[in-house]
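Colleague: Generate the whole structure from the sequences, applying the supplied hints.
Given next are the chains, with one letter for each unit.
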Amino acid sequence: MKKFLLLLVLIGLLTALQFPFSRYMAKKSLKARVGFVADSAIMRFASADHKETIAALLTIKSFLYYGQLVEEKRQGSKNVDFSGLSRLLHTASRLDPYNFDIYYFPQAIIAWEPGFAESVVDLLDYGMKYRTTDYMLPFYAGFDSANFLRDFEAAAGYYKKAGDLTGDPFFAKLTAQYLFEANQTGMAIAYLQAMLKGATNPVVRKTYEQRLAALEAVATIERTVQRYKEREGKLPVTIEQLVQSGDLAAVPVDPFGGIFSLDADGRPVSTSYLLKRK
Amino acid sequence: MRTLSAVFFLGIIRDRVLYGILVLAGLFILIPTTSSLSIRQAGELSITLSFSIISFLLMFLAVVFSSFSVWRDIERRYTSGLLALPVSRVNYILAKFVANIAIIALCSLLFAGLTYLTVSYTCSLYPPATPLVWSNIFLAIFYNMLKYTLLAAFGILFSTVSTSFFLPIFGTVALFFCGSMSQDVYNYLSRSAATDVPLFIQKLAAVFYYIIPNFSAFDFKLAAIYSLPINSNDLWLTAGYFVLYTAIVLFLACFFFNRRELR
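These protein sequence lines map, in sequence, to chains A and B.
Just so we're aligned, residue 1 is where the first sequence starts under the numbering used here, counting upward by one.
Just so we're aligned, residue 1 is where the second sequence starts under the numbering used here, counting upward by one.
For the record, the hints were derived by calculation from the structure and aren't laboratory data.
Cβ atoms here follow ideal geometry from the backbone N, Cα and C, with glycine treated the same way.
Treat each hint with caution, since some may be false.
[To be verified] Sample of chain B residues at the chain A side, in silico, Cβ under 7 Å:
1. 39
2. 41
3. 55
[To be verified] From chain B, some residues computed to sit far from chain A (all C-beta separations above 12 Å):
4. 26
5. 54
6. 86
7. 88
8. 94
9. 121
10. 234
11. 241
12. 247
Modeller: Laid out in structure tokens, this is it:
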């Protein structure tokens with residue numbers, strides 16, 4: 001009986017410990033949670049017969065890590081180790097270059113972080129060597145090249161590649177538009193709307209919806225600035241000026257918590273990390 | 001030899017270790033849930049995980065029932081008693097190997113069935129981007145089986161020359177890792193970027209590459225997971241490699257066992 005009681009006490013203590021323990025585990029950094037991931041060459045040797053599984057597990061772990069931060073509304077660059085995530089996914093791609101999640105996840109999340117688009121395009125380029133019939137990778141790379149890197153020639157090249165793979169005239173249209181650098185925000189909105197349609201994962205959907213809302217606010221400001229310029233013959237200096245002139249009902253809200261303003265060229269910028277201009 | 005193989009096979013079937021390994025096959029139940037964690041390729045992940053479980057369990061089977069069982073027979077002096085009967089040492093080794101092939105094949109068949117059930121179920125919930133090619137999946141399992149049969153042959157070889165269980169067990173596991181990475185090391189050293197590696201190391205690696213078994217040749221997992229085409233030439237070459245390599249390893253095992261002094 002005494003032994004049984006002792007067992008019950010131990011189980012009770014363990015249960016009580018679970019709450020602070022799980023809180024402590026949840027706050028761990030990416031390195032602590034995912035563990036140190038060695039260079040891809042070493043990982044290839046170490047994972048022996050389980051390369052594809054290790055690649056899938058690394059991708060899932062990084063996604064779960066990010067998903068939890070989204071749940072806690074801590075997805076900003078201050079809280080997320082995007083460099084670590086990017087390194088980890090590059091390693092995963094060397095273990096299993098065919099795994100689509102390895103490209104889908106960084107495209108949905110990391111490419112939008114200032115300074116990370118190049119690394120994502122590099123990852124997509126690597127994937128294109130293996131997923132040779134998949135038009136999605138050049139489609140993603142085209143969007144990143146134009147929207148984040150402002151390399152319209154490269155974007156047109158990627159869209160041409162996607163068009164060649166699908167035979168869809170939509171890509172030829174995109175190629176032409178990017179070659180003329182026209183309506184960047186509108187293109188980004190169209191891209192996000194298309195991606196949102198195909199997204200089933202709740203974390204990815206939430207991220208896309210938030211970005212879409214931000215870009216729609218930007219598009220509204222851009223349209224209003226254009227209207228103001230055509231009417232007044234000069235650019236407005238502040239967004240408040242647009243509100244005072246009656247062109248805007250109110251200053252649009254940045255869903256990422258920043259405040260919108262106009263740069264010297266009359267283009268909208270935001271204090272939030274996502275909409276800062278390069 | 002047939003009777004002896006049957007005796008060894010039944011011995012393995014009665015072994016509790018086998019049941020322990022088969023209980024681990026219960027991991028297949030977790031595959032559909034784990035696969036749902038993938039963002040866009042749950043079906044593909046279910047195949048990946050199935051292959052990992054199969055590899056993990058077959059490696060255990062190959063190591064435990066080849067190297068460990070021969071070493072245990074010698075240690076318990078079963079071998080001496082058995083060889084007092086009109087049974088040649090060559091027959092003993094070959095019968096051990098045949099029993100190992102039989103158990104690895106039987107378990108592979110069972111795991112292939114479990115893979116079929118779990119992958120079909122997962123893909124009914126999360127349809128894969130490209131249609132499944134079952135022939136690729138079963139071919140990959142078959143070549144996996146050949147790989148672990150070759151590993152079992154090495155386990156037997158090591159146990160014929162060793163007086164403790166360290167070499168048969170750890171030697172077989174170490175050989176598995178070396179054989180799995182030898183192609184990657186060879187590819188790396190063959191690249192022009194590897195000019196900073198001393199020539200001596202490069203030559204040594206090349207020698208090891210040809211001596212130790214190339215287990216990565218048996219890996220058709222990517223073709224199975226992503227429905228990629230498999231070149232029939234690759235299949236024939238790998239099958240030929242398996243037959244010749246296994247024959248040489250068994251020849252050496254018989255050679256050393258014939259010269260071994262048994263208590």
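Colleague: Against this structure, judge whether each hint is valid.
Modeller: Evaluation of the provided hints:
1. 39: With a closest approach of 5 Å, the residue 39(B) hint holds.
2. 41: holds (5 Å)
3. 55: holds (4 Å)
4. 26: holds (18 Å)
5. 54: Residue 54(B) not clear of chain A: closest Cβ-Cβ about 10 Å, inside 12 Å.
6. 86: Given that every Cβ of chain A is farther than 12 Å from that of residue 86(B), nearest at about 41 Å, it holds.
7. 88: holds (35 Å)
8. 94: holds (27 Å)
9. 121: Consistent with the label, residue 121(B) stays out of reach of chain A, its closest Cβ about 18 Å off (over 12 Å).
10. 234: Non-interface label stands for residue 234(B): nearest chain A Cβ at 17 Å, farther than 12 Å.
11. 241: Residue 241(B) clear of chain A: closest Cβ-Cβ about 17 Å, beyond 12 Å.
12. 247: holds (23 Å)
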